[in-house]
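Novice: We have chain E; now place chain A onto it with these hints.
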Amino acid sequence: MLTTSLLAAVVVASLAQAQRLTKPPLENSLDYLKDGLLNNLPSVHSTNIQWGGWIPQDCADMAKNSGLNPDDVLTYSVTYDDVSQKSSPKSTQAAGVDSDRC
Amino acid sequence: MDNLIEFFGRVPVHMRQWVRHMIALPDPKGGHAYNSNGNIALFDRVNGELTVFLHETAHSLDGLGAYADTPLHAADVWNSNYNLDDNTADSYSQTNQVENVAQITVVSVFNEVVPGGFATVELKHMGIFHQYATL
Numbered sequence: 001m002l003t004t005s006l007l008a009a010v011v012v013a014s015l016a017q018a019q020r021l022t023k024p025p026l027e028n029s030l031d032y033l034k035d036g037l038l039n040n041l042p043s044v045h046s047t048n049i050q051w052g053g054w055i056p057q058d059c060a061d062m063a064k065n066s067g068l069n070p071d072d073v074l075t076y077s078v079t080y081d082d083v084s085q086k087s088s089p090k091s092t093q094a095a096g097v098d099s100d101r102c
Numbered sequence: 001m002d003n004l005i006e007f008f009g010r011v012p013v014h015m016r017q018w019v020r021h022m023i024a025l026p027d028p029k030g031g032h033a034y035n036s037n038g039n040i041a042l043f044d045r046v047n048g049e050l051t052v053f054l055h056e057t058a059h060s061l062d063g064l065g066a067y068a069d070t071p072l073h074a075a076d077v078w079n080s081n082y083n084l085d086d087n088t089a090d091s092y093s094q095t096n097q098v099e100n101v102a103q104i105t106v107v108s109v110f111n112e113v114v115p116g117g118f119a120t121v122e123l124k125h126m127g128i129f130h131q132y133a134t135l
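Same order as they appear, the protein sequences are chains E and A.
Be aware that the first sequence starts at 1, since it is given in the working numbering, and climbs by one per residue.
Be aware that the second sequence starts at 1, since it is given in the working numbering, and climbs by one per residue.
It cannot be assumed that every hint is accurate.
[Stated by the list, open to error] Pulled a few chain A residues facing chain E out of the computed Cβ check, cut under 7 Å:
{"#": "1", "residue": "2"}
{"#": "2", "residue": "10"}
{"#": "3", "residue": "90"}
{"#": "4", "residue": "106"}
{"#": "5", "residue": "114"}
{"#": "6", "residue": "121"}
[Unchecked claim] Computed cross-link-like contacts, BS3-like style, restricted to lysine-lysine with a CA-CA straight-line distance of at most 27 Å:
{"#": "7", "chain 1": "E", "residue 1": "34", "chain 2": "E", "residue 2": "23"}
{"#": "8", "chain 1": "A", "residue 1": "124", "chain 2": "E", "residue 2": "23"}
{"#": "9", "chain 1": "A", "residue 1": "124", "chain 2": "E", "residue 2": "34"}
[Unchecked claim] Quick list of simulated restraints, FRET-style, between CB atoms:
{"#": "10", "chain 1": "E", "residue 1": "40", "chain 2": "A", "residue 2": "133", "range": "14 to 22 Å"}
{"#": "11", "chain 1": "A", "residue 1": "86", "chain 2": "E", "residue 2": "82", "range": "31 to 39 Å"}
{"#": "12", "chain 1": "E", "residue 1": "32", "chain 2": "A", "residue 2": "83", "range": "20 to 28 Å"}
{"#": "13", "chain 1": "A", "residue 1": "126", "chain 2": "E", "residue 2": "74", "range": "45 to 53 Å"}
{"#": "14", "chain 1": "A", "residue 1": "68", "chain 2": "E", "residue 2": "20", "range": "44 to 52 Å"}
{"#": "15", "chain 1": "E", "residue 1": "21", "chain 2": "A", "residue 2": "13", "range": "29 to 37 Å"}
{"#": "16", "chain 1": "E", "residue 1": "42", "chain 2": "A", "residue 2": "64", "range": "19 to 27 Å"}
{"#": "17", "chain 1": "A", "residue 1": "13", "chain 2": "E", "residue 2": "28", "range": "50 to 58 Å"}
{"#": "18", "chain 1": "E", "residue 1": "45", "chain 2": "A", "residue 2": "80", "range": "39 to 47 Å"}
{"#": "19", "chain 1": "E", "residue 1": "66", "chain 2": "A", "residue 2": "65", "range": "24 to 32 Å"}
These are computed hints drawn from the structure, not numbers from a lab.
All residues carry an ideal CB built from backbone N, CA and C; glycine is no exception.
If we strip away everything but chain E, and leave its shape as in the complex, we get (with noise of 0.2 Å):
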């Protein structure tokens, strides 16, 4: 009985959270805040170096689900210069499929 209950508060919350929103919306699109936008968040310097034949999995897969060959495509590991030294730094992986070899 309580699995059932459990289940179903489950699906309901899914369910909710997939539900389409029926207040009227502001504007059409977002595109009004691209300048203002752009305008600023400054581009931030990077450095960047380039794996030789290795791809996290997570790239692999998402490569797979465009129909794509994992082996095209190209793989970075960016760093930001903004990216804190007391903070664990991070770098930002960053894969490229180059579309002229596909």
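Specialist: Here is chain A on its own, set in the frame of chain E:
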């Protein structure tokens, strides 16, 4: 790749840290970008749209624990603030609360970094005030 790096670099650093991996992919038949378990896939047509970078990054914050309540889109604090407002941000926000949180995050970033904030570009900003103030 250069676009990916340059535009992702513009995402505020405290948001950037929640993204795991990013991949730039050639355009499929449909779709713009998606977030999968904190990883972001961007297709050519939007690799250069800062609002998309911010939106997809917002999904990582929502789902991976950036907020006290995880995921934020399912939390009482989010839904109670949503209920206080008259509007959603835009048509895509109406899809569901997951997309709404991501779109509102874009608004919230704008409000933080642009002098004068969101009110400078939207007269009806009070229609979503509780939502973007929550973030």
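Novice: Does each hint hold? Answer for all of them.
Specialist: Against the structure, the hints come out as follows:
no.	hint	verdict
1	2	9 Å, violated
2	10	4 Å, holds
3	90	5 Å, holds
4	106	6 Å, holds
5	114	4 Å, holds
6	121	6 Å, holds
7	E/34 with E/23	23 Å, holds
8	A/124 with E/23	14 Å, holds
9	A/124 with E/34	18 Å, holds
10	E/40 with A/133: 14 to 22 Å	19 Å, holds
11	A/86 with E/82: 31 to 39 Å	37 Å, holds
12	E/32 with A/83: 20 to 28 Å	26 Å, holds
13	A/126 with E/74: 45 to 53 Å	47 Å, holds
14	A/68 with E/20: 44 to 52 Å	27 Å, violated
15	E/21 with A/13: 29 to 37 Å	31 Å, holds
16	E/42 with A/64: 19 to 27 Å	25 Å, holds
17	A/13 with E/28: 50 to 58 Å	31 Å, violated
18	E/45 with A/80: 39 to 47 Å	41 Å, holds
19	E/66 with A/65: 24 to 32 Å	28 Å, holds
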